[in-house]
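Trainee: Next come the chains, spelled out residue by residue.
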Amino acid sequence: MHERVRFPDERAYKRVFKGSLHASVCITLNREGSYLADVRLEGITKTFGEVVAVRDVSLDIADEEFLVLVGPSGSGKSTVLRIIAGLEVQTSGHVFIGGTLVDDIPPKGRDIAMVFQNYALYPHMNVYENMAFGLKLNKVPRDEIDRRVKACAQMLGIADLLGRRPRELSGGQRQRVALGRAIVRQPRVFLMDEPLSNLDAKLRAQMRTELQKLQRSLRTTTVYVTHDQLEAMTMGDRIAVLKDGVLQQVDTPDVLYGNPVNMFVAGFIGSPAMNMIEGRLEQREQGLVFADGGLTLPVPDRLKQMISPNIPRLPYEVVLGVRPEDLVGEPAFQEAHPSWLVDCQVEVVEPMGSEVYLHLVAGTASLTARVGPHVNVKDGMTWRVAVNMEKVHLFDAKTEMNLVKR
Amino acid sequence: MNIHLFWKRRSKSASRGSIEDSLHRERFFRRVRPYAYLAPALTSMAVLSFLPIAYTVYVAFTDMSLYRFDKYNFIGFGNLVELFAGPFSKVFLPVFTWTVVFAALTTILNYALGLFLAILLNNPHLKESNVYRAILIIPWALPGTIAILSWTGVLNVSFGPVNTFLKMMGLTPVPWLTNPLWAKISILLVNLWLGYPFMMSACLGGLQSISAELYEAADIDGASSWQKFKYVTFPMLMRFSIPLLISTFAYNFNNFGMVFLLTGGGPPRLDTSFAGTTDIMATFSYKLTLQFYRYGLAGMMSMVMFLIVGTLTLIQMKLTNAFAEVD
Amino acid sequence: MTDSGRCKQAQGDTAIIREGPGREDLRDRGVDKEPTRRKAVLRGKTRLRTFEVVGLWLTRVILWVAVLASLFPTAWVVTASFQKGDAFFSNTLIPKQFTVENYAKVIRETDFLRWVKNSLILCTGSALIQVFLTATAAYGFSRFRFRGRKYGLMTLLLLQMFPASMALVAIYTMLARLNLLDNLYAFMFVMAGGSAFNIWITKGYMDSLPKELDEAAMVDGATHWQVFRYVILPLARPMLIVVFLWSFMGTYSEFMLSSAVLKNPHNYTIALGLQRFILNQFAARWTLFSAASLMASLPVVIIWMFLQKYVVSGLTRGAVKG
Ligand SMILES: Nc1ncnc2c1ncn2[C@@H]1O[C@H](COP(=O)(O)OP(=O)(O)OP(=O)(O)O)[C@@H](O)[C@H]1O
Ligand SMILES: [Mg+2]
Numbered sequence: 001m002h003e004r005v006r007f008p009d010e011r012a013y014k015r016v017f018k019g020s021l022h023a024s025v026c027i028t029l030n031r032e033g034s035y036l037a038d039v040r041l042e043g044i045t046k047t048f049g050e051v052v053a054v055r056d057v058s059l060d061i062a063d064e065e066f067l068v069l070v071g072p073s074g075s076g077k078s079t080v081l082r083i084i085a086g087l088e089v090q091t092s093g094h095v096f097i098g099g100t101l102v103d104d105i106p107p108k109g110r111d112i113a114m115v116f117q118n119y120a121l122y123p124h125m126n127v128y129e130n131m132a133f134g135l136k137l138n139k140v141p142r143d144e145i146d147r148r149v150k151a152c153a154q155m156l157g158i159a160d161l162l163g164r165r166p167r168e169l170s171g172g173q174r175q176r177v178a179l180g181r182a183i184v185r186q187p188r189v190f191l192m193d194e195p196l197s198n199l200d201a202k203l204r205a206q207m208r209t210e211l212q213k214l215q216r217s218l219r220t221t222t223v224y225v226t227h228d229q230l231e232a233m234t235m236g237d238r239i240a241v242l243k244d245g246v247l248q249q250v251d252t253p254d255v256l257y258g259n260p261v262n263m264f265v266a267g268f269i270g271s272p273a274m275n276m277i278e279g280r281l282e283q284r285e286q287g288l289v290f291a292d293g294g295l296t297l298p299v300p301d302r303l304k305q306m307i308s309p310n311i312p313r314l315p316y317e318v319v320l321g322v323r324p325e326d327l328v329g330e331p332a333f334q335e336a337h338p339s340w341l342v343d344c345q346v347e348v349v350e351p352m353g354s355e356v357y358l359h360l361v362a363g364t365a366s367l368t369a370r371v372g373p374h375v376n377v378k379d380g381m382t383w384r385v386a387v388n389m390e391k392v393h394l395f396d397a398k399t400e401m402n403l404v405k406r
Numbered sequence: 001m002n003i004h005l006f007w008k009r010r011s012k013s014a015s016r017g018s019i020e021d022s023l024h025r026e027r028f029f030r031r032v033r034p035y036a037y038l039a040p041a042l043t044s045m046a047v048l049s050f051l052p053i054a055y056t057v058y059v060a061f062t063d064m065s066l067y068r069f070d071k072y073n074f075i076g077f078g079n080l081v082e083l084f085a086g087p088f089s090k091v092f093l094p095v096f097t098w099t100v101v102f103a104a105l106t107t108i109l110n111y112a113l114g115l116f117l118a119i120l121l122n123n124p125h126l127k128e129s130n131v132y133r134a135i136l137i138i139p140w141a142l143p144g145t146i147a148i149l150s151w152t153g154v155l156n157v158s159f160g161p162v163n164t165f166l167k168m169m170g171l172t173p174v175p176w177l178t179n180p181l182w183a184k185i186s187i188l189l190v191n192l193w194l195g196y197p198f199m200m201s202a203c204l205g206g207l208q209s210i211s212a213e214l215y216e217a218a219d220i221d222g223a224s225s226w227q228k229f230k231y232v233t234f235p236m237l238m239r240f241s242i243p244l245l246i247s248t249f250a251y252n253f254n255n256f257g258m259v260f261l262l263t264g265g266g267p268p269r270l271d272t273s274f275a276g277t278t279d280i281m282a283t284f285s286y287k288l289t290l291q292f293y294r295y296g297l298a299g300m301m302s303m304v305m306f307l308i309v310g311t312l313t314l315i316q317m318k319l320t321n322a323f324a325e326v327d
Numbered sequence: 001m002t003d004s005g006r007c008k009q010a011q012g013d014t015a016i017i018r019e020g021p022g023r024e025d026l027r028d029r030g031v032d033k034e035p036t037r038r039k040a041v042l043r044g045k046t047r048l049r050t051f052e053v054v055g056l057w058l059t060r061v062i063l064w065v066a067v068l069a070s071l072f073p074t075a076w077v078v079t080a081s082f083q084k085g086d087a088f089f090s091n092t093l094i095p096k097q098f099t100v101e102n103y104a105k106v107i108r109e110t111d112f113l114r115w116v117k118n119s120l121i122l123c124t125g126s127a128l129i130q131v132f133l134t135a136t137a138a139y140g141f142s143r144f145r146f147r148g149r150k151y152g153l154m155t156l157l158l159l160q161m162f163p164a165s166m167a168l169v170a171i172y173t174m175l176a177r178l179n180l181l182d183n184l185y186a187f188m189f190v191m192a193g194g195s196a197f198n199i200w201i202t203k204g205y206m207d208s209l210p211k212e213l214d215e216a217a218m219v220d221g222a223t224h225w226q227v228f229r230y231v232i233l234p235l236a237r238p239m240l241i242v243v244f245l246w247s248f249m250g251t252y253s254e255f256m257l258s259s260a261v262l263k264n265p266h267n268y269t270i271a272l273g274l275q276r277f278i279l280n281q282f283a284a285r286w287t288l289f290s291a292a293s294l295m296a297s298l299p300v301v302i303i304w305m306f307l308q309k310y311v312v313s314g315l316t317r318g319a320v321k322g
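Residue numbers (my numbering), protein chains in the order written: chain C, 1 to 406; chain B, 1 to 327; chain W, 1 to 322.
Here chain C stands alone, though its shape is the one from the complex (with noise of 0.2 Å):
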């Protein structure tokens, strides 16, 4: 059986609730006995006078999930959050936590805990009041206070900072003193708002596998905004993406990279970004092709059956998407494959360590390729790839859309 107990006992944490939730919010309580702390977005849309930062978004979460909301800058992620906060209300639409309505109730209600991109520490606090100044506020008794603050500045090494004003800790410690300001207040919900961006790349690496495991031993739901698809994709049990304030997709890394709703979601997910070749199918005496300018690639039979049903006429705009490893260079696979071939220009190479990148032009495409470090070339020269055709995406010129469900 699974038992939740994030209150070590009953007294303190009616206490928190007395002081802290507002007389409207009740508790839902889950088949185990522990409360549900799952939120829940229906139709939320929020205008900055004409602008519309957020449009129509509706989301679940489920308790204890760790959801990363991803888009790129201006795409409304900071705005879904602060509303789920409390800190912007919305135009329309309802928020949902742990099965409450919680609109009208502030963000002092909400039982949330929230970490800037900034950190937002309290220049004039010390680490410790910092830490404290949450439970104070929600009347927590001092020794219970000077308990949960220890034990939280233990667990994220910041025990021999406490006595210290932020000014005096580096960025790396202040992220720390950030997220120990969060934990300490045993929240129902962990918001984040692109807590790892004013690191430098090799800490925020660490930090991300920290916060990861953070996240599970603690058992929060959490709401992580990020623009980085990298830590989108380590860190989310699920992603969300964001477009213009419009929610693409929601689902769990794996499904969001290999089968994108639309071209968006395609060529925001994974690194180097998805090949996008413009082009239309064909019919042609050897079967149903994708061709374009330059290059005239067969279709599948079984990419065939998934997409003939979403077209309606030949020849059909299309895109067609490959990821920058499904473009072959092994001599077996291409031995295999003899009509997937294709001859490329090297542009540029870009070696990474345990692979290279291959920068290449086809007739009027330019692409990215992935290989592994061993490959042969060298800028300038012609090279033959194999595009893996089982594996591309297809989407519609026109809405964008992905022709192909996997």
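Example chain W residues on the side facing chain B (calculated, C-beta under 7 Å, incomplete):
#	residue
1	LEU56
2	PHE146
3	ALA170
4	VAL301
Worth flagging that the hints you see were computed from the coordinates, not collected in a lab.
Even for Gly, the Cβ is constructed at its ideal location relative to N, Cα and C.
Dock chains B and W with the ligands against the given chain C, drawing on the hints supplied.
Mentor: Positioned in the frame of chain C, the structure of chains B and W with the ligands alone reads:
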């Protein structure tokens, strides 16, 4: 799972019923909250500024005076005509001119000296700069009234140290506070002495807030010292000194204490007993109110003063975009 | 699984985190100090060119003159305060005899101490009220969006320019009607009236405090008032000290209103009392006046000197952001 669904549904429907209510309340608070924070200041301002202003404006359109305290008449702009074109204009116009001249000159003098000293003090090679600054700031630190009262002694014609010094140097003593022209010069000098430290500190703070990178960039572009001052220092200084200039001008336009305590408006004028040679509008209207009980005239004069200062301030605010908001 | 078990597991999971800080610590401490040190080295090594040296000395000479000029009147007051006799008739700048009699006389024979007490009560009280009014209003203007926000402060600033001489009559009448003339505490509230300029400049200061701090506090469970009380107020302290000081000094040397309202010598402030010494042109007691002036000014000057750095930094930060 059933329990959980039940709870979910119940809590939803239960709270939906009261949502309207509580949403209403929250919205109400959201609207009212800002005004609650403003309320204390606004109340005090209402009682101590707005009511008196309304009263003044009201009185300005009457002929209220000691003899017509209860039986006053509304005379429209009669007081304004009286001030600028009527017989009273002979008394008023010199006061008006001197007020404008005084406020403008004193603002310019204080600013010029303050900026000059600030630039000198900002010299990075001047290691003892802080010592000078600490001393130069003393006049600002002194309580103004006490300082001005002391100055009446310093400038005393017969025993004041300034004249003693002049006599020692073999020069003729100057009738500082008793000659009309010298009295005006005295006021400007004393006000300079009192006012330059504020300007100096403000300019110094401003100079130091200009990031060194700007100068380095200018150096790389090959700018001369003068060009650096003209294109980097001065525009940056202007950004914050214009509000200071406005407030200094406005403050001095109404600088009652300076004139009242140093010369009392004197020396007397030959052509009138209402105003002295150094009276500015603030002291003049004070005298009209408290000594001559010409409430109507004094009220109108206050309005004139307000219109001038207010208009200037408004123009400056627009020029500096001090209130442009980036929402 | 028990609670302590969970805790241990959590600790085990995140043990790596603990390795970090040591090295960062060192780097961190170095970072802050290095730039200043580097600058100092640079400055020490720089050889000044000739025209720079000449300029430097020219600067010094000008500053010496300025220092002398600014000290001159104060120096005279100091000498006068040690001068024998009532009036100060002298043909020399430095008196021949020194005495502290004037100081003793001021304290023994006049109500000086009562004036000081009155002034302190009045100034401290009104400055505290003023700080409260300014801080709340500035917070309102800085952190909320509401109707009348943009032009409200501008209007207040403008109205503040209205000359006070007629307001004097209105306030006087008002106090008379309420039978509060010659009441030090009522007058305290009059002097504490909200100042739009203070509000404006404090608002500018508060605008420069990151909004995320408010939001962090709100998420931490703070109400608006708690955000104000525990986050904004402590952070705006330098500016509020300036406001306190300005207000204190303003009341300390206010003359026009107090001379009209406070008629009873019992209620005299320092400014009023001092003026009595020299009111009569021909019986001016300059030496007493000087001694009293010095005693009245010295504490204020000292406090001012200590807090002056707040004044300048607060002013520029408030005004630039405005
Ligand atoms: N307070 C505001 N007033 C007006 N427009 C706003 C405000 N906040 C956000 N916006 C607009 O809403 C849109 C979404 O902003 P948001 O901050 O949510 O983007 P984001 O996805 O977090 O971007 P970033 O990765 O740069 O943080 C943007 O176009 C932005 O300009
Ligand atoms: Mg953002």
